[in-house]
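Asks: Protein chains in written order, with the working numbering: chain B, 1 to 466; chain V, 467 to 800.
Hints should not be assumed to be uniformly reliable.
[What the hints assert, rightly or not] Examples of chain B residues lying across from chain V (beta carbon under 10 angstroms, computed): (1) 118; (2) 181; (3) 190; (4) 210.
It should be emphasised that the hints constitute simulated quantities derived from the structure, not laboratory data.
The C-beta atom is built at its ideal place from N, Cα and C for all residues, glycine as well.
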Amino acid sequence: MVRAQISMVMVLDKCIGCHTCSLTCKHVWTNREGQEYAWWNNVETRPGVGYPKRWEDQEKYGGGWVLENGKLRLRLEAMGKRDPPSIKDYYQPFEYNYEELFTEEIRDQQPAANPINMYTGEEMDVKWGPNWDDDLAGANIYAGMDPNWRILEKEIYLNFKDVFMFYLPRICNHCLNPSCLYACPRKSIYKREEDGVVLIDQTRCRGYRYCVTACPYKKVYYNWKTGKSEKCILCYPRLETGQATVCTVSCVGKIRYMGVVLYDEERVIEAASAPENELVKAQRDLILDPFDPDVIRQAKADGIPENFIKAAQESPVYYMFKRWEIALPLHPEFRTLPMVFYVPPLNPVITALDRRGKYNAAYENIIPTIDELRIPIKYLASMFSAGNEEEVRKALKKLVAIREFFRLVNVEGMSKTEASRVLSEHGLSVRDADLMYKWLALGRDRWTIPTRKVELRMKIPKRASR
Amino acid sequence: MKTRTFMILVILMAASITLTGMGVSLVTAQVTEIKAPYIQEALPLNPKDPLWGEVELTQVPLVAQLLAYPMSLDTTPRSLKFAIVHNGTHMAFYIEWDDQTMDVEGGGELNKFSDAVAIQFPVQEGELPYICMGDTANPVNIVMWKAGIGAENLVAGSAYGRDAKEREALGLQQVPTSPIEMLPEDAQIWKSQAVYEDGKWRVVLIRPTGSTHPLVPDLRPGDSTSIAFARWEGSKYERGGAKSTSGWYTVKLEQIAVEAVETVTQTQTVTTTQTTTETVTQTQTQVTTETVTVTETTPAVTGAVKGALVGLVIALIAAILALALLYRRGMRPS
């Protein structure tokens, strides 16, 4: 069974941490009572604790799946975990008393807008927020709490802030094997047949919050006002009219890419049950080649419209995740098969300053080898490949190769054919390089969203035939 | 060898008899019928009203729901006490239970779950519905009280058996939203009030005896029905299926005493003529039902018969098995 999914890639080297995505999302979808604390889109600084605090620590939050005797089981069930996160795990939502700026009497000093508690309206002392550790603020306290450290040597851990940081924007991953969906006893959550968007039916939801616990990315938010849970809807009203999500469109760094991928639905559970170090590969194997005539034939037979197939062929997500293997899923070890992918950061291609404040120039080339990069591969592997360093290395090597290729052409004056040897080592062609340049460097044609057709609407039970 | 086989037979027979016994207590309702006395005054919604100190309370044991996901994690035995009274036009439930913590959701709290209680009624007369919230053929009506939210009148089990037009006519959404659905506004007939004091919840739930909605049972003086309870402890993160439940109980709304009816008519004639006619019809029905009550088969009785039958079948199977074993052993040289 061929299915289509609209998914996203974020290129982390390009993220400047401006939070424009979060703010546009907030203003469009969650600027209302009950969702004050909810950031369907948020940007985290890494190393850091993220939002909610230490969300990756499933021993604490009970999200995702565990493999028990080869079978998938909800971790919340395996753990007997019943309580969702508290407001303390997120933060106490606050506003600023802007009124003060206009009404304060004239004094010697400037008027100040003090933070006020959004629930009580009282002045408050802000002690934590959704991006409190932004740009490594308070890193000596908070960065050490990053769950991804567990596999790193203490030395790197202690020196990291002289060495590296990067931003990690996050939305709902619209997973192929969503644990939130399976955790809902009322079957309020569904994955849309036509584009794979995972939604919560607000008429069915009774606010039990099993989904909040079950989502390993903590991307389901309970609305305490309506008593129902909500989540990122991948701006589906926009998608249906062929527009990208607001976070994608508003992205200053042009880091977000969107497109259709075709996948084999029957092998989803098999892929989610793969051994940990093969999870990325198993997920890649699920994605089908949209140029393969057999795939096209089957896709049509399974009701996927022409424009979706065409979009899949132009999809940056297909190229980056499947063909080029430069994009990786976030924490595949949660086994939900997340469908938002990340191109791991090279984090400017220079090595670390040494103790005397000098660059360690122990490499021959201008472009260093992967293992000389500032970000420990182990750290990235912990986030993007369930610890499989080879997957990260493979992605980074290609990113370096493409830089090397264009340097050879533009600086050394080599012909493209001549320079293409650095590409072929990594299985890339000149056409691939040109496409990468168009997408990654120039940021053109970052999304292809097919418009939805009426006949593709969710199948609802038939009315009585009378 | 023979004695051993005989022993097995005896054990099997004993087991089957015990099962029969258990079958009766598990499958059917409690045989004892709980009376809902008639009182002449308006029913007090306030749980602190002296009336609730005078009524006779029935203790209901509750067990943790351990059949379906998500199960209750706390399996310690629980209970609640309840009483039911009516005044001809309305019926009231008084429910109380011990709970060390008062849990009310809302107010920006994300991991708080309300303490709650629910009463389940069969929608149709006759055979009792499946105790776990009914099924398509035999739905249940549920009133659920949640701390901070109040009473909601719900229907469970009925959804999937009806077509879109029927559902629309019932005020439900055309497409079933879930096995447990909120009834439309005009069927929200329950009023509630609750007090939490000294580690104890006291809840009063009142509804008119008559019903205008087909999925809400019509319960008039003289009628019997079956009820079952569920209770949630918010402090244990209980919600939805994570709860503790009771078996079926039979309750009977006491007939209105003739003198009592007269006084009611007397007081009510003053207000409107309409109410007078209503009370008159009630007295009429009283007369007819009175004669029937003796032969009336309550759902509980049919349930008991069914339970006994199930037990008997189990006993028979066990006996046949034992005999077969005996026969086989007898054939074999030992």
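Asks: None of the hints should be skipped; say for each whether it holds.
Replies: So, going through the hints one by one against the coordinates:
1. Annotation: residue 118/B was flagged as interfacial toward chain V, and the flag holds, the nearest CB pair being 8 angstroms apart, inside 10 angstroms.
2. Residue-level restraint check for residue 181/B is violated (minimum Cβ-Cβ distance to chain V is 14 angstroms; threshold 10 angstroms).
3. Residue-level restraint check for residue 190/B is violated (minimum Cβ-Cβ distance to chain V is 12 angstroms; threshold 10 angstroms).
4. Interface hint status for residue 210/B: upheld, as the beta-carbon distance to the closest one in chain V is roughly 6 angstroms, under 10 angstroms.
Hint check: violations occur at hints 2 and 3; the rest are consistent with the structure.
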